Amino acid sequence: MNKHSFPDPLIIAGREFGSRLWVGTGKYKDFEETRKAIEASGADVVTVAVRRVNITDRNSENLLDYIDPKKYTILPNTAGCYTVEDAVRYSRLARAAGISDLVKLEVIGDERTLFPDTAGLIEAAKILIAEGFIVLPYTNDDPIVAQKLMDIGCPAVMPLAAPIGSGLGIRNPYNLKIIMETVKVPVIVDAGVGTASDAALAMEYGADAVLMNTAIAGAKDPIMMATAMRYAVDAGRLAFKAGRIPRKLYATASSPIEGML
Amino acid sequence: MIFHDFLIHQQYSRSFIMHIIVNGESQERSNPLTVANLLESLDLRSERVAVEVNLKILDRSEFPTWNLQEGDTVEIVSFIGGGASQQRS
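Chains Z and W, in that order, are what the protein sequence lines are.
Reminder that position 162 of the first sequence reads as 162 in the working numbering, one-by-one numbering, no gaps.
Position in the second sequence (from 1) plus 261 gives the number in the working numbering.
By construction, these hints were calculated from the structure, which means they are not laboratory data.
There could be a bad hint or two in this list.
Here are some of the chain W residues that sit facing chain Z, going by a computed Cβ distance under 10 Å [to be verified]: (1) Ile278; (2) Asn284; (3) Leu303; (4) Arg306; (5) Glu308; (6) Arg309; (7) Ala311; (8) Leu316; (9) Asp320; (10) Glu336; (11) Phe340.
These numbers were taken from a predicted model, which means no experiment stands behind them.
Backbone N, C-alpha and C fix where the C-beta goes; we use that ideal spot for every residue, glycine too.
Next comes chain W alone, as it looks inside the complex (with noise of 0.2 Å):
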């Protein structure tokens, strides 16, 4: 871990808390937390799901070291039953 991180970890470790919003609902979760923590605390399967942080799609591969932090928007979606457009809800 270089210094800068360390700096940065240990900030975010003293609070221990952090507030995140996960598929429009502002969640408290503990600090450190990776995309993969997320997913496993949620019951879901990575391989069922694709997830977005701040607007970046993630690669399933970086859902295990991936920190989410502060404030992060996640967007967690799957596949649902559909056949062509519904009307906006």
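Only chain Z is shown next, with the shape it has when bound in the complex (with noise of 0.2 Å):
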């Protein structure tokens, strides 16, 4: 949609993004294949990670060589924060590297299922927001805590679909229609994404935004697969707007009875 015939931007704390499709930039086999991935995708959102910088290898190259921050809204994650304390760490350390307040807020409860500690994620966000962060958390299929996070301050919400990299897809459709319901902040479905159809799927709930990485970069032809979502993401945008018809038992003929023979 975004540069197609029905503009429709996606509106989070002010500022306004082009694409309904945020990607992250891990699990990649380079940078190259990261590069034209991303830009298959149409995202003008992408998520990166902080880590300490390679000081052995000079010749190691940054990702930003490749995602110009020009180009695109980069959003660091706190991904691998498992405590409070770790997560408000990574997020300063994101906003002292790089140049705006926004953060993709996470704090894992668990190693197996990478699910969020909801508990950790409101107090960290509660810590982070008071500091001027702008905070995208990535929660649970939990409409309550979507809720809370949304009174702290939160101006968007990220619920999973399914756990990260599972590619089960949307395991708890209801709930996730809940939180669109009741929650009046952008709601952008992140993570559990396995193909084009579950993304087509969430936007058709009513999603504002679906992020992913694992579904496009674990794929075969990622670049390809990219392109599929960007379809997807646009094709269920649409058809949410469009407004579905409502499902009946029976048949409805589609042609007239009138004028036959």
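Combine the two chains into a complex, taking the hints into account.
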């Protein structure tokens, strides 16, 4: 839709985004593949992790040489943080390394599921919001937690569809729908998408955007999958706005009876 | 330079060498050394990194004037590819 015939910008904390597909930058073969896949996805928000620089290999390349921060909104995340303290520390480092107050906040509760520690998430979000951060929280598909995150000042919430990297698709569509109905800030479905139909479905349910990484980076052809995801998110969004027909048990003829022999 | 700083400067200048920890790695460095000097010696562009010294995050404008001291723990971080949480390594 971005750049197409139905301009439909997503607005979060006063910032306007053209694409409703947001992408991660992990798990690609190399930076060149990362760059191409992101370009094919049409995304303008790109999430990145914060890590120690490699001080032994002087020739190691920088991700930002491939993803121009002038062209993309760089959204640092606190991936890998299991405590409030770590998540806050990584967020502050991200702000110092970057140019904006945006952070995709993750406080992970468990290594096997990578489900968020929602109590820690709320605590960390409060600290960071007080420091002027724009906190986009990676949360569970729990409507009450989503509500609380909105109440404390998160300008969007990012509930999961399924565990990170699982590709299981939307495991709890009813909870996601409740979140979309009850939360008054944009809802970005983050994590768990496996293929294009999952992304389309999330958008048809009324998600404001979808964030994914593994579904694209882990595909046999990441660049082709990035293109598929771009179409899926656009198609799902258009279908949502156009308004689907109600489901009925029996047929309704689409051709008139009149004029039949 | 006030007298106290001058004494400290003298004290370290005599030794010339200090030990600091950079990203978990112990390094021998000549003293004085600013954060900007350190980044330059590592071929790192200051606009791409964040620097923490003894758990205090520095403002980029402090890099050229921040003198590292014997025993300092320095963390230099940057953005890398990542979408969402990885398992602890």
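Okay, the hints, checked on the actual structure:
no. : hint   : result
1   : Ile278 : violated (19 Å)
2   : Asn284 : holds (5 Å)
3   : Leu303 : holds (5 Å)
4   : Arg306 : holds (8 Å)
5   : Glu308 : holds (9 Å)
6   : Arg309 : holds (6 Å)
7   : Ala311 : holds (4 Å)
8   : Leu316 : holds (8 Å)
9   : Asp320 : holds (7 Å)
10  : Glu336 : holds (7 Å)
11  : Phe340 : holds (4 Å)
Hint 1 from the list above is the single one not met by this structure.
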